[in-house]
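> Residues per chain are reported as follows:
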Amino acid sequence: MRLNQKWQVAAENELLYHSWGDEFVVYNGATGDTHLLGLAAAQVLLKLQQAPADTVSLAEWIAPLQQIEPDDEFVFFIEQILTDFDSLGIIEHTQL
Amino acid sequence: MNVSALTPSELGSRLKEAGLFLQAGPFITHIQTSIRSVAEGIGLLYADYPIAEETGFADFHVCLTPPGNLRRWFRPQVLFSFDGRIPFKPLPLDQAFPMLEWGMNWCVSGHSHQYLILHAAVMEKQGGAVIMPAPPGAGKSTLCAALINREWRLLSDELALIDKADNALVPLCRPVSLKNESIHVIRKFEPGAVLSREVRDTMKGTVAHMKPPAGSVVQSHVTARPAWIVFPKYQPGAVTRLEPQPKARAFMRMVESAFNYSQLGPQGFQMMENLIDACDCYEFTYSNLDEAVAVFADLKLPAP
Chain A
0 MRLNQKWQVA
10 AENELLYHSW
20 GDEFVVYNGA
30 TGDTHLLGLA
40 AAQVLLKLQQ
50 APADTVSLAE
60 WIAPLQQIEP
70 DDEFVFFIEQ
80 ILTDFDSLGI
90 IEHTQL
Chain B
0 MNVSALTPSE
10 LGSRLKEAGL
20 FLQAGPFITH
30 IQTSIRSVAE
40 GIGLLYADYP
50 IAEETGFADF
60 HVCLTPPGNL
70 RRWFRPQVLF
80 SFDGRIPFKP
90 LPLDQAFPML
100 EWGMNWCVSG
110 HSHQYLILHA
120 AVMEKQGGAV
130 IMPAPPGAGK
140 STLCAALINR
150 EWRLLSDELA
160 LIDKADNALV
170 PLCRPVSLKN
180 ESIHVIRKFE
190 PGAVLSREVR
200 DTMKGTVAHM
210 KPPAGSVVQS
220 HVTARPAWIV
230 FPKYQPGAVT
240 RLEPQPKARA
250 FMRMVESAFN
260 YSQLGPQGFQ
270 MMENLIDACD
280 CYEFTYSNLD
290 EAVAVFADLK
300 LPAP
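Read top to bottom, the protein sequences are chains A and B. Take the first sequence: its position 43, counted from the start at 1, is 42 in numbering that gives the first Met the number 0, and no numbers get skipped. Take the second sequence: its position 160, counted from the start at 1, is 159 in numbering that gives the first Met the number 0, and no numbers get skipped.
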């Protein structure tokens with residue numbers, strides 16, 4: 000996976016969210032699936048709903064919210080979240 | 000008129016000929032059968048239920064019959080039909096009454112999408128309802144049977160019906176299904192409980208059904224406000240323990256217990272969201288029914 004490749008929420012997906020504390024549930028209207036997300040994963044998804052973004056810029060945006068440094072380990076963590084979302088069909092690559 | 004107004008002979012004749020229009024919760028089931036054990040089960044466990052024959056309307060038309068072949072005499076069997084169709088394989092004739100109960104549950108869970116339907120027991124006390132979803136073997140029905148013999152009102156042992164209009168829990172008060180050791184546990188816990196004859200070697204082991212308290216049947220039209228979600232787990236020898244369950248995780252477990260969450264789409268998500276918001280959520284481990292009842296008696300209604 001190229002870190003500078005941008006991601007967006009897949010066009011057909013209509014997502015509904017609800018949070019309790021640091022945990023979220025998200026419903027994907029396109030598949031009918033519901034997913035349990037931690038705070039970082041929810042932040043990734045909410046950011047991608049606003050605009051397409053690549054892994055590094057997502058890490059740089061989310062790290063301060065988590066009060067940590069956006070080091071390589073954190074970038075890898077965000078990349079894993081993106082890989083999971085991709086495998087679930089929630090996000091897709093974009094040329095934007 | 001209630002079922003108890005019919006003599007056993009009248010009940011048997013009615014089931015055999017025109018059929019019985021049985022009102023249980025919001026549903027009328029039209030039952031036809033000539034099988035004596037089914038008539039006995041209905042006469043014993045549904046004595047307090049109204050007969051709804053006036054309109055001739057029924058939500059479900061079901062029939063229990065012996066197959067019309069050699070099976071009538073050799074290891075006799077029973078067939079369950081719904082609207083003239085046969086959705087299940089036949090079972091041994093001795094299992095006819097449990098098959099009626101399972102079939103009636105199937106009718107509701109598969110066809111009543113005006114509700115969000117969960118595989119859960121529901122009981123109510125002082126305006127608050129506890130929902131207990133659980134996989135088979137978790138001790139849900141045993142705990143439910145104990146609680147309804149100790150001041151809780153039975154809404155359902157198997158199916159939580161949540162009204163789309165107002166998220167209220169709609170009673171579907173029917174006999175409580177007890178399995179294997181639970182039968183003896185409940186007989187010992189409440190010697191006055193009325194249980195049907197034990198049926199052995201079913202797909203669930205030995206089963207018996209417990210008659211619901213008459214008060215719960217009478218209040219079958221009274222909905223309840225969801226207040227607690229409790230995931231029960233029976234563990235032999237376990238210390239009684241009630242632990243808060245994070246709401247998002249409770250949401251996901253509730254989705255797993257829902258029959259028609261997917262069919263309801265975004266509405267299902269929103270209804271589940273409202274339900275979880277309204278309830279305090281817990282995991283409950285128990286082995287002693289008296290202690291379990293005491294813990295439930297101490298539950299405090301969540302702030303509205």
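Just so you know, the hints here were simulated from the structure itself, not pulled from any lab data. Treat the hints with caution; some may be incorrect.
Some but not every residue of chain A turned toward chain B, in silico, with C-beta under 10 Å [stated by the list, open to error]: (1) Glu22; (2) Val24; (3) Trp60; (4) Ala62; (5) Gln94.
The beta carbon of each residue, even a glycine, is placed where N, CA and C say it ideally should be.
> Could you run down the list of hints and mark each one as holding or not?
Now for the hints, and whether the structure bears them out:
1. Glu22: Nearest chain B Cβ about 3 Å off; hint holds.
2. Val24: 5 Å, holds
3. Trp60: It is violated, given that the least Cβ distance between Trp60(A) and chain B is near 23 Å, above 10 Å.
4. Ala62: Violated: closest Cβ of chain B sits about 23 Å from Ala62(A), beyond 10 Å.
5. Gln94: 30 Å, violated
Figure legend: structure checked against the earlier numbered hints; hints not met, in rising order: 3, 4, 5.
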